[in-house]
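Since the structure of chain A is already known, use the hints to place chains C, R and G on it.
Protein chains in written order, with full-length UniProt numbering: chain A, 1 to 345; chain C, 1 to 345; chain R, 1 to 345; chain G, 1 to 345.
These are calculated hints, taken from the structure and not from any lab test. Any given hint might turn out to be false.
Derived BS3-like pairs (lysine-lysine); straight-line CA-CA distance at most 25 Å [claimed, not checked]: (1) LYS268/C with LYS42/G; (2) LYS263/R with LYS54/A; (3) LYS42/R with LYS268/A; (4) LYS263/A with LYS54/R; (5) LYS268/G with LYS54/C; (6) LYS54/G with LYS268/C; (7) LYS54/C with LYS42/G.
What follows is each chain in one-letter form.
Number of protein chains: 4
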Amino acid sequence: MKVGIIGANGYSGVELIRLLKQHPNVDIEMLISHSTSGKNVKELYPHLSEVCEKTLESIDVQDVSDRVDLLFFATPSGVSQGLVPKFINKGVPCIDLSGDFRLKDPDAYTKWYQKQGADRSDLEQAVYGLAEINHKEIKEAKLIANPGCYPTASLLGILPAIKMGITQPDTLIIDGKSGISGAGRGVSIGSHFCEVNENIKAYKLGSHQHIPEIEQTIQDNAGIDTNISFSPHLVPMTRGIMCTIYADLKQQLSTEEIVGYYKDFYHKSHFVRVREPGVWPATKEVYGSNYCDIGLIADSRTNRLTVVSVIDNVVKGASGQAVQNMNLLNGWDEWTGLNLTPVYP
Amino acid sequence: MKVGIIGANGYSGVELIRLLKQHPNVDIEMLISHSTSGKNVKELYPHLSEVCEKTLESIDVQDVSDRVDLLFFATPSGVSQGLVPKFINKGVPCIDLSGDFRLKDPDAYTKWYQKQGADRSDLEQAVYGLAEINHKEIKEAKLIANPGCYPTASLLGILPAIKMGITQPDTLIIDGKSGISGAGRGVSIGSHFCEVNENIKAYKLGSHQHIPEIEQTIQDNAGIDTNISFSPHLVPMTRGIMCTIYADLKQQLSTEEIVGYYKDFYHKSHFVRVREPGVWPATKEVYGSNYCDIGLIADSRTNRLTVVSVIDNVVKGASGQAVQNMNLLNGWDEWTGLNLTPVYP
Amino acid sequence: MKVGIIGANGYSGVELIRLLKQHPNVDIEMLISHSTSGKNVKELYPHLSEVCEKTLESIDVQDVSDRVDLLFFATPSGVSQGLVPKFINKGVPCIDLSGDFRLKDPDAYTKWYQKQGADRSDLEQAVYGLAEINHKEIKEAKLIANPGCYPTASLLGILPAIKMGITQPDTLIIDGKSGISGAGRGVSIGSHFCEVNENIKAYKLGSHQHIPEIEQTIQDNAGIDTNISFSPHLVPMTRGIMCTIYADLKQQLSTEEIVGYYKDFYHKSHFVRVREPGVWPATKEVYGSNYCDIGLIADSRTNRLTVVSVIDNVVKGASGQAVQNMNLLNGWDEWTGLNLTPVYP
Amino acid sequence: MKVGIIGANGYSGVELIRLLKQHPNVDIEMLISHSTSGKNVKELYPHLSEVCEKTLESIDVQDVSDRVDLLFFATPSGVSQGLVPKFINKGVPCIDLSGDFRLKDPDAYTKWYQKQGADRSDLEQAVYGLAEINHKEIKEAKLIANPGCYPTASLLGILPAIKMGITQPDTLIIDGKSGISGAGRGVSIGSHFCEVNENIKAYKLGSHQHIPEIEQTIQDNAGIDTNISFSPHLVPMTRGIMCTIYADLKQQLSTEEIVGYYKDFYHKSHFVRVREPGVWPATKEVYGSNYCDIGLIADSRTNRLTVVSVIDNVVKGASGQAVQNMNLLNGWDEWTGLNLTPVYP
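Bound conformation, chain A alone:
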């Protein structure tokens, strides 16, 4: 199967290259980049020398449609909404790593992304690609809206409890901590080494665009209309997201009981690993892999559940989950080409 990557010059794009190069069922046919077309990808990323030395191409819908069987969009928000429908119309399934097709309500998109959203009819075709939760719908999809990094860690961490009905609505608080790669390769003072190193920064508290994505998915899966608190922070590392999630419990439950329920819930999920009570996951334990590791405690002093969920934001939070979705879409085992042991240390 031949695939193309639009936005191949960004961090999600090169991570797709890394993952797809070791995938047994696909060949990378095209690397596409508006801003750097004509350059060889190894000029931008010398680590790809002798691994992938393709020239970045500009986009031509007909040409791309003729050459590829599936297309990944690793583009900034606002780009894919105009292009994806053209490829869908030509029968090319698309997996969009941006936020353009995640929110079902274009007005919500406009509110949180501060730009015009996709057409409502296009949005209706999109399946939210949270692989562990929506695998059935993903298998039938033509257009997959690959989840955001924070939503992936947050939702895998808290959806089991919410679906079980053990938590109080409107008490959900997510404290997110992310490495810097989540902001992409674009240059700014905010990503300057000297501003990030030896530093923790809070940003976009209460206004981050991943808030409606999390709330919508809770609504879709548990029928609960809720307003969450979400506080993202940047920590001085390249890869990794940890979400520490708080929710009041409706009734007294032990940590052991809830861990047991989580293990059942993820029994068939290859990429979710639930820690034993008292053991907390760390982001480095999933570095470079598609795992989501989860630890939790039900604190009897406060009757509150705290869940800690970690992913590699570039893999499970972006390109890895996109490959997992491609696998589901094609009826392959979801771990095909994704059996990556975390790189440790």
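Relative to chain A, chains C, R and G alone:
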């Protein structure tokens, strides 16, 4: 005035040396260390060459009492409780950076520290040295229990709101993020560079010994008996603590109103800087200084207050606040010798 | 084929697990560790949960010989010299990642390692496993002395020039810069995060045990008896080694000419990538992979050659090269199971 | 005394603010910035809140001359050459932290900086501000060319040996390792956190603009016309430079002898600390301070001297040395306002 430092070979100890060397009113008379006595401190810390080349001494209560006018304890928990009373009896005021005299209830100490606590009569003499809150009591104290790093950031961040009575009891959640120096210089796998770098770890959720310290201080200052959730995390940096604090609001209030109240509250506090609405503090902005910087938002969607509070854990969270307490104790301006501009970048 | 790892609880050991898990031709039969036997490896390394959950075993020569077809030693220096001969005698080929069998002269070992060396007869059996240089000998070996991390980067960087005869003997200077993982997982003040972070340290200048290994290999390959200067430094990162190598040129040569020669020299070497003139490699460009990337300049002002050579010290500098040697030993393509794209960013 | 800072919005500029705020003899009268004039400096650098809240001003030569007694230029290369002469003419002494007045030969400037240099007559007035070496000339200067960061570390490290005449000309090799702040606050892919973190990069080997500065100062001080090799590297930290310097010895000398000579040479130098034989300096040991720490070895195997010299590039390598030069210029003790204990850890 002559001062001594017990536990001078740890990180809090050497930070006391840095701060006291530039203090106009004191001389360091003695550096005391049980485990490294006989060595010159510059052998352990070459950065002190030509700055402070004292030999570390072992402890002799009479000798120390004769030579110093004030004593800092920068020792691990469990050490100062047996020594401090002897020095107090000889008229030497003590500032204890460990947790030994912070909790008024020795049973609580035993529960959270898993060791025997100080005598109740000694605990009664201790004043909790949260300088911005307890300055009056500190001025009269003989024994100051210098606050923990997390409690300093947390309490300075949330006490104004609690004292104002605008938050719901029992909704307080503190998500703490700390650099590694907070764990001291002792070696362990947990502080190994390769285990910490490119990593975030959660630890001691619901069981950290700073929980009762925070709860007790809330009780002392607002008369509220509360159970808090506190989740500490280690982030890959040397210095700095950020506490992100969540509490439900009793009534609808704007961010501007609450920022205004905080500014009033800290009007006379030299070391607390309250950010304007929409501006979030970062730990690097207080690096090497005694500042505590605070930003906050009252989110109308959730009717929840979120406060972000940052300190340098080694300065305001330990040695800097100890010097501030020494200043108060002696009737000096609290910023004497502490007017340190943060080191940036 | 079934393999075992002795010293499986160290960083080289767990990296062998990562690499061997994705190797198509081998199964990990045994993980052996003296100090942590009886524990499951996932207790020590939670990132291996559901990847490799073997229990660490203690060593029993007969049992190991019965169960494995090949044995890796990822042990500290001084350990393998007593064990390897027993396994060789039982027909089990051994690949030793420690320094015990690298130096042909046991007196040199004693001098540089400050401990007793292996028997001269055992040393004679050992083949130095610098795969790109000694592949023929490796294919016939029973005992492979896997090269040190600094020697791998240094020798791959400078041997082409030395063998070409273009450099002056006795002008060779190697300035090494290494991440911290090279020192292993053992705890010490020197590997404490707060001592390493935001810091560069020089250490063991002129006395590092890799000096005689480099000199011996130059002697073996070019017949030149030389004394090199080697200055190792620790830089604040987990993985990666860069060696900057200086040597006076005998005659005026252009950068282009020498780059051309290097490209010829490594024409058939899958894992060495030579950069174009003016392009310098960076350690991150080989992160997690078995590549050695090389850039160089012939400076006409000084008539001096400077070569920059980078590897991932845990892969090409240890476990990756060990797997490469296993491949050669078994007649497989040297890249079998080792086609790892560097993890970037 | 009133001083002004041109280029106050860069890293050297804000470090001057930090240092001058604690200087007993000066007041900061003006902060000048072409690109950010009109903004309050605390908007760009919140760490300066309540420390220095001046508004950045644009430049007006007459106004500046009327208001300040001394002027610091913390500007990119090419800026000060046109402005400094105007201020000198008006009797305002200038300390230029850029490279514009360091090289006596404007053609050399053009060659290495790839832009037009200052007028020869202006260059003649400039004194090279390597404070430990040129203190006499500095005391009489009107225009001080503050040395570059690499030259400061390199020259303080090797000039004693060169002046002593113990090293072979034309064998001098400097391997420089720098934190990222040396490149300034300007944004580029090269300073992006994800490109720098967990990475060492070599750059500008043989072509760095600090090469002629080092060679000229060796010529000025020892009368030796030499071509050096200089290889700069970026290491993942914010502050700190280490230069590892190699030179062949003319005769056999012991490490102890040369250490002794260095100690004599720097006997009166407050800011140079020479380590005992076998002890190596680390950059963190001078963090935030104006020290230059030096360790060395004379290796009898190679008859080569290796010197390791470390500074904080932002302090001794830029703003600290500028303040030291201001002190000398005004006849004050050179350490006035500069007695900063390194921040450790």
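Going down the list of hints, with the structure as the test:
| no. | hint | result |
| --- | --- | --- |
| 1 | LYS268/C with LYS42/G | 20 Å, holds |
| 2 | LYS263/R with LYS54/A | 21 Å, holds |
| 3 | LYS42/R with LYS268/A | 20 Å, holds |
| 4 | LYS263/A with LYS54/R | 21 Å, holds |
| 5 | LYS268/G with LYS54/C | 22 Å, holds |
| 6 | LYS54/G with LYS268/C | 22 Å, holds |
| 7 | LYS54/C with LYS42/G | 40 Å, violated |
Checked against the numbered hints above, the structure breaks only hint 7 and satisfies the rest.
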